[in-house]
Amino acid sequence: MKVILLSDVPKVGKKYAIVEVAPGYARNFLLARGLAEAVTRTNGKRVAELTKKREVEKKKQDDHLDKSLASLKGVVMTLARNANEEGHLYAGVTKEELAFELGKLVNVAYTADNIELEKPIKDVGEHTIVVIVGAKKAEFALKIEALTAEAE
Numbered sequence: 002m003k004v005i006l007l008s009d010v011p012k013v014g015k016k017y018a019i020v021e022v023a024p025g026y027a028r029n030f031l032l033a034r035g036l037a038e039a040v041t042r043t044n045g046k047r048v049a050e051l052t053k054k055r056e057v058e059k060k061k062q063d064d065h066l067d068k069s070l071a072s073l074k075g076v077v078m079t080l081a082r083n084a085n086e087e088g089h090l091y092a093g094v095t096k097e098e099l100a101f102e103l104g105k106l107v108n109v110a111y112t113a114d115n116i117e118l119e120k121p122i123k124d125v126g127e128h129t130i131v132v133i134v135g136a137k138k139a140e141f142a143l144k145i146e147a148l149t150a151e152a153e
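Numbering (my numbering), first residue to last: 2 to 153.
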């Protein structure tokens with residue numbers, strides 16, 4: 002059964018996407034909870050309207066993120082984390098943490114997918130982090146400082 006998703010549904014699709022799902026899943030879960038609307042011949046205009054709306058929202062979001070990439074130039078983010086005497090962190094700094102902290106710093110909602118990081122950072126010091134939005138990239142400096150027992 003073809004349905005139009007009215008909100009993001011994990012493992013099914015994004016808002017305003019037209020997807021094919023099992024009839025039982027559509028009736029008992031998606032339609033019953035207002036997460037989707039059945040695709041019929043009569044709501045063809047609505048499908049086109051929702052698709053256009055999705056494209057406009059996506060473009061607006063991409064423009065906002067592109068502008069924010071320019072503001073990352075020269076940004077130095079400082080994080081304080083617990084570390085041992087050799088400078089190794091007890092818990093690594095992950096993409097998710099970086100996206101959250103960067104979002105707070107520049108008032109833009111980044112996701113972990115926007116941060117290019119092979120593995121969590123586990124050392125104190127300065128690091129260069131790459132942020133990717135679409136085909137554009139920007140870099141910012143990350144300085145990780147060790148928390149001492151007296152500072153806690």
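Source of the hints: derived by calculation from the structure; they are not laboratory data. Think of the CB as a built atom: it goes at the ideal place given N, C-alpha and C, for glycine as much as any other residue. Be careful, since some hints might not be right.
Unchecked claim - Derived pair list, reagent style EDC-like, types lysine to aspartate or glutamate, alpha-carbon separation capped at 20 angstroms:
no.	residue 1	residue 2
1	K96	E56
2	K3	E38
3	K46	E56
4	K54	D9
5	K3	D67
6	K60	E38
7	K105	E117
8	K138	D124
9	K105	E56
Said to hold, decoys possible - The following label-pair restraints were derived from C-beta to C-beta distances:
no.	residue 1	residue 2	range
10	N108	K16	17 to 25 angstroms
11	E117	E146	17 to 25 angstroms
12	K138	E86	34 to 42 angstroms
13	A71	Y91	48 to 56 angstroms
Evaluation of the provided hints:
Taking the CA atoms of K96 and E56, the gap is near 27 angstroms; set against the 20 angstroms cutoff, the hint is violated. With a CA separation close to 9 angstroms, the supplied pair K3 and E38 stays within the 20 angstroms bound. Straight-line distance between C-alpha atoms of K46 and E56 comes to about 16 angstroms, which keeps the hinted pair within the 20 angstroms bound. In summary, the hint linking K54 to D9 is supported, as the alpha carbons are separated by about 15 angstroms, within the 20 angstroms threshold.
Restraint check for K3 and D67: the C-alpha separation of about 34 angstroms exceeds 20 angstroms, so the hint is violated. Distance restraint check for K60 and E38: the Cα-Cα separation of roughly 24 angstroms exceeds the 20 angstroms cut-off, and the hinted pair is therefore not satisfied. For the suggested pair K105 and E117, the alpha carbons sit about 18 angstroms apart, so the restraint of at most 20 angstroms is met. This hinted pair does not check out: K138 and D124 have alpha carbons roughly 24 angstroms apart, beyond 20 angstroms.
Our distance criterion of 20 angstroms between C-alpha atoms is broken by K105 and E56, whose separation comes to about 27 angstroms. Taken as a hint, the range 17 to 25 angstroms holds for the pair N108 and K16, whose Cβ atoms sit roughly 23 angstroms apart. The hint said 17 to 25 angstroms for the Cβ distance between E117 and E146, and at roughly 23 angstroms that hint holds. A C-beta distance of roughly 36 angstroms is found between K138 and E86, which places it inside the suggested range of 34 to 42 angstroms.
Checked against the hint of 48 to 56 angstroms, the pair A71 and Y91 fails, with Cβ atoms roughly 35 angstroms apart.
The earlier numbered hints that this structure contradicts are 1, 5, 6, 8, 9, 13.
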